[in-house]
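Enquirer: Sequence:
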Amino acid sequence: MPVANHDIAEIFSHYAALLEIDGANAFRVRAYQNAARLIDGYAASVADMVRDHEDLTELAGIGADLAGKIEEIVETGRLAPLEELERRMPSALVELTTLPGLGPKRVKALYDALEVRGLEDLERAARSGRIRGIRGFGQKTIDKLLQAIDARRDTHGRVLWLEAERAAEPLLKRLRGVGGVSAATVAGSFRRCKETVGDLDLLVACSRSAEVMERFVTYEEVEEVVARGTTRSTVRLRSGLQVDLRTVPAASYGAALLYFTGSKAHNIALRSLAAKRGWKLSEYGLFEGRKRLAGRTEPEVYRRLGLAYIEPELRENAGEVEAAQAGKLPTLVELKDLRGDLHCHTLATDGADTLECMAQAALERGYEYVAITDHTRHLRIANGLDSRALSRQMQAIDRLNGRLGKLTILKSAEVDILEDGSLDLPDGILRELDVVVGAIHDHFDLPPDRQTDRILRALDHRYFDVLAHPTGRLLGERDGYAIDIARVMRAAADRGCFLEVNSQSKRRDLADAYCRMARDARVKVAISTDAHSVTQLDSLRLGVAQARRGWLGRGDVINTRGLAGLRALLKRR
DNA sequence: GCCGTTTTCGGCCCGACTGTTTTCAGTCG
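According to our numbering, the residues represented by the first sequence are 38 to 610, in order.
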């Protein structure tokens, strides 16, 4: 198993954090951070590139030194300078910098003065009063640190995107009700549709900021007002979620939205671009001296910088700025492009609604088709169907089809991929299905080679169409099973199979970087909900967001095709 | 540590807020 891009990225990222605490040059630190992000999101395997003697310095931000360090990591799995640094600076210090209010400088000061190495050390030192003596630490700072440690115990930082949306909506509604507010929205990683959100960044365009701030800090869910200013405030909600609010005049709204949407790296890239022309870009606008060149809307700012408009989902400084300069941005898939859903369950197994209800709901959403993909017999816990039960469901589908206007219910199943890679139902019945979706539900801990071989054998099956939740990850709960994703992609491309982009909030599986990898490998995806109830059919937008983060366009997604076009792509013609 | 159509050295994004300050460093986004 070669060293994964993610592993290299983690090492660089960790090294950057330790260097920063050590007081290294900030731009040197940034160079490692940039490299980490580049490699983490890079489609091709960097380890393969090293093996093939490709010139890594061709990559933006990778020079001779970093190229050498990448080779070292690929070849040894380690980075000697990091290990050397770790002898002086305990690794656990990095975690301390993730506490709000504690940055690299203060962590270093605590370590130097009191040998504080981790959360427990910090708490002890704070409670004992020893921190008081250190320059720069007053009682208020210490109180906030203790609070932050408590909060850390309660939440584990990030929340799923869907939970963030639930927290944001009532708050936005409240702020929109204030007089003089012309716009209110959530920016930040939420707007970029990342899988999880660390905090909410609200942006309000208004003429009377004081009133907006007052409404904000008096919201009933606010547990604590962390900071309060005239244009910017921060609160912590009872749920533990931190919310930042920034107010701007309407003339700056676009520039502010751009700025607060980030990512930070994207902002830096844009500001550098502005600086090259002698301009200055801030949240107040794009300026030449005192003259405002743009700022009211985002498209205006991009246009003035000579860039095509960049969708929020792409703003990670992962090649989108260069693509926008060259006019080579992809046209991203949109929710309205989707013509149907290829993964959902009914009461027959572990769904909550009947076949009729699910079909009716699909019809109401204007779909041309919906695939009913109940589990198969191996998944006993979900009451998986055997051939006979599935046959009965197929007959029920036959009776329903034709009575539902333009909607066609596709006969399908989420077939278990068994430990040896064979499928859980005999060919006789698989042949009768319109589409075969396959998935792994057990033996998550096979060694990478065996797990990969297991999937490859399933893809080899003559009737296999779509690999559901391809890596099996559950955000915040477990990583995906260990597989060689590049091999899986190559195999899927060879065999005319497709990968699912699972829309469930907790799955978002494929990951964004893997969506992009699929595009490069010329593997098409199905954006599906895996809905276990009628309401979950609406999670399709999360799958779309995920695909957009992975640079996918309409053509990359099989269920943007009409029914005839879809059938033409599947193995049964 | 990276980078270069003014540069191979000297730059590298910009501003708000807090707390502990006698004028500003640290943190955050």
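By construction, these hints were calculated from the structure, which means they are not laboratory data.
Do not take every clue at face value.
[As the list claims (entries may be wrong)] Cross-link-like lysine-lysine pairs, in silico, DSS-like; alpha carbons within 27 Å at most:
id, residue 1, residue 2
1, K317, K328
2, K313, K301
3, K142, K313
Model, not experiment: these values are computed from the prediction.
Enquirer: Compare the structure with each hint and give your call.
Expert: Hint check results:
1. Proximity of K317 to K328 is assessed by CA-CA distance (about 10 Å); at most 27 Å being required, the pair is judged to hold.
2. About 18 Å separates the Cα atoms of K313 and K301, which keeps this hinted pair within 27 Å; it holds.
3. Using a Cα cut-off of 27 Å, the hinted pair K142 and K313 is violated, with the two alpha carbons roughly 31 Å apart.
Checked against the numbered hints above, the structure breaks only hint 3 and satisfies the rest.
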